[in-house]
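A.B. asks: For the record, the sequence lines run as chains A and B.
Here the first sequence is numbered in the numbering used here, starting from 39 and rising by one per residue.
Here the second sequence is numbered in the numbering used here, starting from 2 and rising by one per residue.
Since the hints were made in silico from the structure, they are not lab data.
Check each hint, because a few of them may be wrong.
As the list claims (entries may be wrong) - Partner residues aside, some chain B positions facing chain A, computed with beta carbon under 7 Å: (1) Q35; (2) S47; (3) V51; (4) A90; (5) T91; (6) L188; (7) V189; (8) P190; (9) T191; (10) R208.
As the list claims (entries may be wrong) - Listed next, the stretches of chain A that the computed footprint assigns to chain B, with coverage defined by at least 3 CB atoms under 8 Å from CB atoms of chain B: (11) 103 to 117; (12) 152 to 163; (13) 174 to 181; (14) 219 to 225.
As the list claims (entries may be wrong) - With a cut-off of at most 25 Å between alpha-carbon atoms, the simulated SDA-like pairs for lysine to any residue come out as follows: (15) B:K86 - A:P172; (16) A:K204 - B:R99; (17) A:K204 - B:A130; (18) A:K204 - B:T91; (19) B:K76 - B:A90; (20) B:K127 - A:P224; (21) A:K204 - B:G70; (22) A:K204 - B:P32; (23) A:K204 - B:E57; (24) B:K76 - A:Q106; (25) A:K204 - A:D97; (26) A:K204 - B:K127; (27) A:K204 - B:S61; (28) A:K204 - A:P172; (29) A:K204 - A:A130.
Cβ coordinates follow ideal geometry from the N, Cα and C atoms, glycine included.
The lines below spell out each chain.
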Amino acid sequence: MTRDALQLVESYSDRRKSRRSYGEAATRPNFICSGNRIAAIGIVVLMQCVGCAAADAADPAGTVKTAQGTFFVERAAAGGASATLPLHVGDAVQEGDRLETGQDGAAGITLRDDSLVSLGPNSAFELQRFSFDPSSNRGTFIGEVLRGAMMFVTGLVARTSPSSMKISTPTATIGIRGTEFIVDVPAGSQ
Amino acid sequence: MTVRVALLGCFALVLVACATPPPPPAPEVAPSEQIVLLPHADGTPSSIVVQSRNSEVVLSTPYSSVEVGAGGGLKPIAADEGSVKARYATEIQALPRRPTHFQVYFELNSTRLTRKSQPVLAEIQKEAALYPAPEVIAIGHADAIGQEKNNMQLSYRRAEVVRAALIRAGIAADRIQAVGRGTEEPLVPTPAHVPEPRNRVVVIRIR
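Starting from the given sequences, assemble the full structure and let the hints guide the process.
C.D. replies: Rendered as structure tokens:
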């Protein structure tokens, strides 16, 4: 595998040798664009635009990374109804999702800002608000532990702006100063 | 890998603290909400603020815990590393693998890795394969010599080199994003037209 990768690097750099006035070493203005180059620039721009758009809407808030036993989401569907869907490793998690595990369940999700959340058995977590802009590392992470025990590892949102992350329980609110913690809300504790 | 080393260091520190006799276990009458502060994986100090409707407590030492009483009162409770790890073993085990990041450096005006970075790329290939449903973003940079539009393209092609290497390592292509930043957001800020090898870099974030 490594060898393949290195060969690939070689083949890229071989192509570069014929264009010494390119990139970092280009010291004189270059007014001539080959069709090849224009196409490549087009791709660069397009990729960046895709990235920008994704930060606004298309990207999910996070991804399921570990899942065992009963684990599902209650998600708002079109027309105000909500759907209950089982979740598996690799599935997307979205803002507004209510994640629940059964007696035999446990799960871990990684959010787009590198925050980690794990749910123990018989727990429910609502991801009330989540947004993240990867170019500024700013965003919002607001969630509620409705039931059960959960572990949180804060990510970039809390690092960049700690007040932008809040986790609440039925009776308390946790403000973050960049850290890891457990919240335990036993059934019938209120 | 660096993350794991940091974690071990962190736990070792905590274990030393645990050499003092453990406090008696808190009696459990009725289930109540509890919040436990854990040590930061990288060893940096951290704290949380717990607020109920009528009080507020700051937790700032690892494994310090607070219980929310029926009337909204916040009561510190005894907890240590051993009791927390035993009680919350399932949650700790379910936590996703921690995100990590790497940097690989390139030769001047080139998509060829520096000699030192070649083994790093191999390490990244191995590391990425350890993540379930991996998400990788490779962000390419260029230093401030030459024209910005060329540097934008160069930085993107550098990111593409890393992306291709990860695809070869078996990571699904749609899980790897390659982005070129040109001379914007350099890791080491420099005036225009100043050579800076540390900015001929691709930052790879894996989660």
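A.B. asks: Are the Cα positions of K204 (chain A) and A130 (chain B) separated by 25 Å at most?
C.D. replies: violated, 32 Å
A.B. asks: With 7 Å as the cut and Cβ atoms as the points, is P190 (chain B) at the interface with chain A?
C.D. replies: violated, 16 Å
A.B. asks: If you draw a straight line from the CA of K204 (chain A) to the CA of P172 (chain A), is it 25 Å or shorter?
C.D. replies: holds, 19 Å
A.B. asks: Can the restraint linking K204 (chain A) and D97 (chain A) be considered satisfied, given a maximum Cα separation of 25 Å?
C.D. replies: holds, 21 Å
A.B. asks: For the pair supplied as a hint, K204 (chain A) and S61 (chain B), is the alpha-carbon distance within the 25 Å limit?
C.D. replies: holds, 17 Å
A.B. asks: Count residues of the segment 103 to 117 of chain A with a Cβ under 8 Å from any Cβ of chain B, then say if the count reaches three.
C.D. replies: With 3 residues close enough to chain B, the hint holds.
A.B. asks: Is K204 (chain A) close enough to R99 (chain B), meaning Cα to Cα at most 25 Å?
C.D. replies: holds, 21 Å
A.B. asks: Is the hinted pair K76 (chain B) and A90 (chain B) satisfied, with a Cα-Cα distance of at most 25 Å?
C.D. replies: Satisfied, since the Cα-Cα distance of roughly 23 Å is no more than 25 Å.
A.B. asks: When you check the alpha-carbon spacing of K127 (chain B) and P224 (chain A), does it fall within 25 Å?
C.D. replies: violated, 40 Å
A.B. asks: Can the segment 152 to 163 of chain A be counted as covered by chain B under the rule of three residues or more with Cβ-Cβ separation shorter than 8 Å?
C.D. replies: Since 6 is at least three, the answer is holds.
A.B. asks: Against the 25 Å threshold, does the CA-CA distance of K204 (chain A) and A130 (chain A) hold or violate the hint?
C.D. replies: holds, 21 Å
A.B. asks: Decide if the proposed pair is consistent with the structure: K204 (chain A) and G70 (chain B), CA atoms, cutoff 25 Å inclusive.
C.D. replies: holds, 20 Å
This entry does not satisfy hints 4, 6, 7, 8, 9, 13, 15, 17, 20, 24 and 26, going by the numbered hints stated previously.
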